[in-house]
Amino acid sequence: MSHELTWLLVAIPAVSAAILLLGGKATDAWGHLLGTAAPLASFVCGVLLFFQMQAKPGEERSETVKLFEWFSVGGIKVDVTLLVDQLSILFVLLITGVGSLIHIYSIGYMAGDPRRRRFFAYLNLFIASMLLLVLAADYLVVFVGWEGVGLASYLLIGYYQAKPSAATAAKKAFVVNRVGDMGLSLAVMSMWALFGSSAFTTVNAGAEQLSSTWATLLGLMLLLAACGKSAQVPLQSWLLDAMEGPTPVSALIHAATMVTAGVYLVTRSSAIYEQTDAASTAVVIVGTVTVLVGAIIGCAKDDIKKVLAGSTMSQIGYMMLAAGLGPVGYVFAIFHLLMHGFFKANMFLGAGSVMHGMNDDVDMRRYGGLAKYMRITFVTFAFGYLAILGIPPFSGFFSKDKIIEVAFAENTVVGLCALLGAGITAFYMTRLMMMTFFGEKRWKEDVHPHESPKVMTGPLIILAILSLVGGALYFVGHWIVNWLEPVTGFEEAHPPLSELAMTLIILAVVVLGAAIGVVLYRRDIPREAPVQVSPVTTFARRDLFGDALNEAVLMRPGQYLTRTLVWLDNRGVDGLVNGLAALFGGLSGRMRRFQTGFVRSYALSMVFGAAFVVVALLAVRLS
Amino acid sequence: MSAVLMPLAAEISRPLADFVAPKIEYNELAPLLVVFGAACVGVLAEAFLPRSWRHLVQLAISILGLLVAGVLAVILMADNEDLIAAQGAISVDGPALFTWILLLALTLISVLLFAERSVDGGLSAFAGQAAAVPGSEAEREATAAKVEHTEVFPLTMFAVGGMMLFASANDLLTLFVALEVFSLPLYLLCGLARRRRLISQEAAMKYFLLGAFASAFLLYGIALLYGYAGTMSLGGISDALATQTGGDAILLAGTGLIGVGLLFKVGAVPFHSWTPDVYQGAPTPITGFMAACTKIAAFIGLMRVFYVALGGTRWDWAPMMWVVAILTMVVGSVVAITQTDVKRMLAYSSIAHAGFLLTAFVGLAQAGNGVLNGITSTQAVLFYLVTYGFPTIGAFAVVTLVRDAGGEATHLSRWAGLGKKSPLLAGIFAFFLLSFAGIPLTAGFTGKWAVFTAAWSGGAWPLVVVAVLCSLVAAFFYVRVIVLMFFSDLPADSPDVALPGWQTTAAVALGLAATVVLGLVPGPVLDLAARAGEFIR
Chain A
1 MSHELTWLLV
11 AIPAVSAAIL
21 LLGGKATDAW
31 GHLLGTAAPL
41 ASFVCGVLLF
51 FQMQAKPGEE
61 RSETVKLFEW
71 FSVGGIKVDV
81 TLLVDQLSIL
91 FVLLITGVGS
101 LIHIYSIGYM
111 AGDPRRRRFF
121 AYLNLFIASM
131 LLLVLAADYL
141 VVFVGWEGVG
151 LASYLLIGYY
161 QAKPSAATAA
171 KKAFVVNRVG
181 DMGLSLAVMS
191 MWALFGSSAF
201 TTVNAGAEQL
211 SSTWATLLGL
221 MLLLAACGKS
231 AQVPLQSWLL
241 DAMEGPTPVS
251 ALIHAATMVT
261 AGVYLVTRSS
271 AIYEQTDAAS
281 TAVVIVGTVT
291 VLVGAIIGCA
301 KDDIKKVLAG
311 STMSQIGYMM
321 LAAGLGPVGY
331 VFAIFHLLMH
341 GFFKANMFLG
351 AGSVMHGMND
361 DVDMRRYGGL
371 AKYMRITFVT
381 FAFGYLAILG
391 IPPFSGFFSK
401 DKIIEVAFAE
411 NTVVGLCALL
421 GAGITAFYMT
431 RLMMMTFFGE
441 KRWKEDVHPH
451 ESPKVMTGPL
461 IILAILSLVG
471 GALYFVGHWI
481 VNWLEPVTGF
491 EEAHPPLSEL
501 AMTLIILAVV
511 VLGAAIGVVL
521 YRRDIPREAP
531 VQVSPVTTFA
541 RRDLFGDALN
551 EAVLMRPGQY
561 LTRTLVWLDN
571 RGVDGLVNGL
581 AALFGGLSGR
591 MRRFQTGFVR
601 SYALSMVFGA
611 AFVVVALLAV
621 RLS
Chain B
1 MSAVLMPLAA
11 EISRPLADFV
21 APKIEYNELA
31 PLLVVFGAAC
41 VGVLAEAFLP
51 RSWRHLVQLA
61 ISILGLLVAG
71 VLAVILMADN
81 EDLIAAQGAI
91 SVDGPALFTW
101 ILLLALTLIS
111 VLLFAERSVD
121 GGLSAFAGQA
131 AAVPGSEAER
141 EATAAKVEHT
151 EVFPLTMFAV
161 GGMMLFASAN
171 DLLTLFVALE
181 VFSLPLYLLC
191 GLARRRRLIS
201 QEAAMKYFLL
211 GAFASAFLLY
221 GIALLYGYAG
231 TMSLGGISDA
241 LATQTGGDAI
251 LLAGTGLIGV
261 GLLFKVGAVP
271 FHSWTPDVYQ
281 GAPTPITGFM
291 AACTKIAAFI
301 GLMRVFYVAL
311 GGTRWDWAPM
321 MWVVAILTMV
331 VGSVVAITQT
341 DVKRMLAYSS
351 IAHAGFLLTA
361 FVGLAQAGNG
371 VLNGITSTQA
381 VLFYLVTYGF
391 PTIGAFAVVT
401 LVRDAGGEAT
411 HLSRWAGLGK
421 KSPLLAGIFA
431 FFLLSFAGIP
441 LTAGFTGKWA
451 VFTAAWSGGA
461 WPLVVVAVLC
471 SLVAAFFYVR
481 VIVLMFFSDL
491 PADSPDVALP
501 GWQTTAAVAL
511 GLAATVVLGL
521 VPGPVLDLAA
531 RAGEFIR
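Order-wise, the sequence lines are chains A and B.
Residue numbers are given in the working numbering: position 563 of the first sequence equals residue 563, and the series is strictly consecutive.
Residue numbers are given in the working numbering: position 321 of the second sequence equals residue 321, and the series is strictly consecutive.
If you are wondering where the hints come from, they were derived from the structure by calculation, not from laboratory data.
Cβ atoms here follow ideal geometry from the backbone N, Cα and C, with glycine treated the same way.
Any given hint could be a false lead.
Label pairs and their calculated CB-CB ranges [to be verified]: (1) Pro524(B) to Val476(A): 48 to 56 Å; (2) Ala548(A) to Leu469(B): 18 to 26 Å; (3) Trp7(A) to Pro319(B): 46 to 54 Å; (4) Leu469(B) to Pro530(A): 38 to 46 Å; (5) Thr340(B) to Arg542(A): 27 to 35 Å; (6) Thr281(A) to Ala242(B): 28 to 36 Å; (7) His478(A) to Ala513(B): 48 to 56 Å; (8) Arg542(A) to Leu469(B): 25 to 33 Å; (9) Trp7(A) to Ala513(B): 56 to 64 Å; (10) Val47(A) to Pro319(B): 29 to 37 Å; (11) Gly247(B) to Ala548(A): 56 to 64 Å; (12) Gly247(B) to Arg600(A): 28 to 36 Å.
Derived coverage of chain A by chain B (criterion: at least 3 residues anywhere in the stretch with Cβ under 8 Å from a Cβ of chain B; other residues may be distant) [claimed, not checked]: (13) 183-194; (14) 392-404; (15) 600-611.
Listed next, the in silico SDA-like pairs over lysine to any residue satisfying Cα-Cα at most 25 Å (straight line) [as the list claims (entries may be wrong)]: (16) Lys172(A) to Leu469(B); (17) Lys56(A) to Arg375(A); (18) Lys441(A) to Val536(A); (19) Lys25(A) to Lys420(B); (20) Lys163(A) to Ala240(B).
Using the sequences and the hints given, assemble the complete structure.
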């Protein structure tokens, strides 16, 4: 029974995506309904599996389902095997549950779009790939899902194809993600070389015998992969641009699920990180830096979706940080990941609802006073707001507090950074609330804000409730800790102060941040962003010069390399010879424009090549 | 009278008595003989049949020849007996048979493309009268009379026969003869384009001159190696390496020069400069055939010479090959970025693929080489060639379909918005590009994994790092084309997408099917490549 349920989980959305993509216009009329039914069906499978699993004792809950042998050659064998354990089932429920809500919401949000069917096909493709990613029991199969979600994300970011900015953003996301993918593919190849297999079981068993150098290398490769997918510094820049995609996509892929794949990868690879302090420390540093970078970016943006994107980076930074701390943190990383999935999807969909009522404007400077006009959106958004701030009893309170406590227990500096991040988070989220829902109306005249249809507010309400009660997973008998312990391991952390004192300090910082936000943004807000601003603001507005850095470090040298190689390839050898002639003869004052495509220059390059080959051979022998 | 003749007769018959007829293993060589036989029959058909029959008959002869040869090769492969045939000239071993079958299959697809006549107003892609001056009255007359060069079919059969021989040559002379047998028809075929004839003729001329130049290097290298070892046979050279001392300078120079000749055919940097020009100028179906089949034959030839004959000096030539592999990958993938012509872009992409293949080649993962766990270099290369060949021909087949008044519209700017005009065609092309980029669930992904793993387990991990970086760069320009096709606006004067005949449809469908199947279930082909084993000596 569980065997069928497991493969159906992945197969249903995959088949639905295929039907919608291949069916063409014939499926236009009911495409969105099929597209929504698919993740719902997967969700039902997931729930059934979950209850089956819960009925068993802790150690027997993990189950593997071998589908088929992908290939086997020499000593290397790769099976497509799905692993349903306590960790992956939580992901399955998050992906299909929140995914289904977002599909339902999209029916309303994309109602006017003639290409809606295609949108649902891509979303289904994403769900299938993401489920494969979290269910795979072999790193190579994880990689397949990993690339699949990347492809779906690429297609969905570029969904509004008429906008050039969307196409550019899609390309950027693809290329940056490929940098991360490189890490994963190198890691899998190393695993083959080291263990002869990339199956989780083999790797986990072999990790203990790893030399510390290899463990560190593997850890760093996996971290690179995680950075790309989860938009962590230094590969963070694509996430802000990815907001070009439709808002439900931002909620599903770029907030709740795909971007958390990096955290999943690090948690899954706990056996490797246990062997290497260096790589674990690197994970913590990356997480901590991203917490602050994301939060600072969030403070400076006027585009409501980009504020939320910065916030997503920052919150994933918390998860990374916790995951890097090892067994004391894994459980809380996953816990925060789930809670974040709820409240961030809630807020993104809320932002979509606001945009829906504001003629798709995203600039918060042209919002204001919307609380009166969009009651449901406002209240549900407020739930998300209170959750991300970590106000008890909202879900974020339990998850974020635990991470900050664990961070203090392990390292004071990291703890202070995490605490500071929480304060800044409170500030920019308050700023967002003030600019959007309170204060003066700053809309253009032709805008008539209105509440969204029920098909959109329904998912908002459910997500708002989850943002409120999600914390129960922890405070009801530490359920999530007991649930995950067999897979990720757990150790009690011992913060320097008592739990109550820690909580009070964190709350104080959060309230302070929020208070500053209220004071600063209660006054009038200019409709146009001020130009004369402090260097700090400019720094933050320009994403801490992330793009400039990419350009300087990667793009420019790349362009120079390309140009040089093209030049050499086209006319280099000829140019060299002619240039030398001109130099020595002193006759030609000017460099001639060299034609390309002369056979003689090609032949000359071959002569040089042959000379190189023979000289190289002799040199090797003589040396 | 008889008294006068008797001594003469005795004189004539005496050497005959000493003559021993060579032992020819006709069964094992049957695929080769069938292909060459079909080529000869094609020449006869060209001479004796009326013009109106030729197209159909030639196509039938070629397809029949390829199919029969293919079936024979499959039967031989099932027998799985390695053998050195024809007095040591040809080795019919696992890799050779695997290559034969692959070459025959890809040639079959190419021949279908050659036969396509519906995309260009009832005319094939080949010039009506190659001897007519471009733009002349004679050319116009030939076009009006719908004359065409059906010689392309026998020429192709000779070329593929030569390639098969090249991949199985067990001595250096056979290798050289095979090289010329497959190169000469290709030089001719390159110059036969119906449209843009000047650039096509220029390409043929360049290819011929540079090819002759490379042949000279190869021949000189052969002479030096003979001087060193006193034998032409690959096994003999290997033995000489093991026993002989001294004469290293001749040996190394010979190794280098042979390497130059073979790397030229592979299209490795710095011997690649002909590739973009020739790929761009040649008729597109020929480009597809060359890009896939020449590379396959040349690569197997390269590996056979360097593994079988020169395996003993691998520590001498491996560093040089490392440099060549890195240069090839970097130049191929970086220079492809700035290309504006789709055929030139694919040419640089094929250079980059040669570089990826070279990583497995210099990785030297061999069963006897301490590599027990995993895939050997030979297997990886054989498998990669399969995953590279099918999408390549498919991609060039797609290129033949995007046309405007001047023939194929190969400038990349003309491909803008193609996804809006013909989502199916653009989608298929995008799929081929994703396969070249090595995205999972396509053939290219499994192929890349195979070669990189072989290189990695052979200890060439720096090469793998460079290769992964280069495939990252390569992904960029493939994606650029996809973005261009799907995310740009359709210009007003956009080219048309020709309705393909059954020939091109079949070619594209076969290429697509192979690309999908090899991505999803690579197991069977990997098994076959593994069963092919190693080169024998």
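Here is what the structure says about each hint:
With their beta carbons about 52 Å apart, Pro524(B) and Val476(A) fall inside the hinted range of 48 to 56 Å. Distance hint check for Ala548(A) and Leu469(B): the Cβ-Cβ separation is about 23 Å, which falls inside the suggested range of 18 to 26 Å. Taking 46 to 54 Å as the suggested C-beta distance range, the pair Trp7(A) and Pro319(B) conforms, at roughly 49 Å. At about 43 Å, the beta-carbon gap between Leu469(B) and Pro530(A) stays in the expected band of 38 to 46 Å.
Between Thr340(B) and Arg542(A) the beta carbon distance is about 33 Å. The supplied range of 27 to 35 Å therefore holds. Between Thr281(A) and Ala242(B) the CB atoms are about 52 Å apart, so this pair departs from the stated range of 28 to 36 Å. With their beta carbons about 54 Å apart, His478(A) and Ala513(B) fall inside the hinted range of 48 to 56 Å. A hinted range of 25 to 33 Å for the beta carbons of Arg542(A) and Leu469(B) is consistent with their spacing of about 28 Å.
Evaluation of the 56 to 64 Å hint for Trp7(A) and Ala513(B) yields a failure: the beta carbon distance comes to about 24 Å. Against the hinted window of 29 to 37 Å, the Cβ-Cβ separation of Val47(A) and Pro319(B) comes to about 60 Å, which falls outside the hint. Take Gly247(B) and Ala548(A): their Cβ atoms lie about 60 Å apart, and the range 56 to 64 Å holds. At about 34 Å, the CB distance of Gly247(B) to Arg600(A) agrees with the hint of 28 to 36 Å.
Beta-carbon proximity to chain B at under 8 Å applies to 6 residues in the stretch 183-194 of chain A; the threshold of 3 is reached and the given coverage holds. With a cut-off of 8 Å between beta carbons, the stretch 392-404 of chain A has 0 residues touching chain B; three or more are needed, and the interface restraint is violated. With 8 residues having a Cβ less than 8 Å from any Cβ of chain B, the stretch 600-611 of chain A passes the three-residue criterion, so the hint holds. Taken as a hint, the Lys172(A) and Leu469(B) pair is honoured in the structure, with Cα atoms around 17 Å apart against an allowance of 25 Å.
The straight-line distance between the Cα atoms of Lys56(A) and Arg375(A) is roughly 44 Å, outside the 25 Å bound, and the hint therefore fails. This hinted pair does not check out: Lys441(A) and Val536(A) have alpha carbons roughly 28 Å apart, beyond 25 Å. This hinted pair checks out: Lys25(A) and Lys420(B) have alpha carbons roughly 14 Å apart, not beyond 25 Å. The hinted pair formed by Lys163(A) and Ala240(B) fails the criterion: a straight-line CA distance of about 67 Å is larger than 25 Å.
Checked against the numbered hints above, the structure breaks hints 6, 9, 10, 14, 17, 18 and 20 and satisfies the rest.
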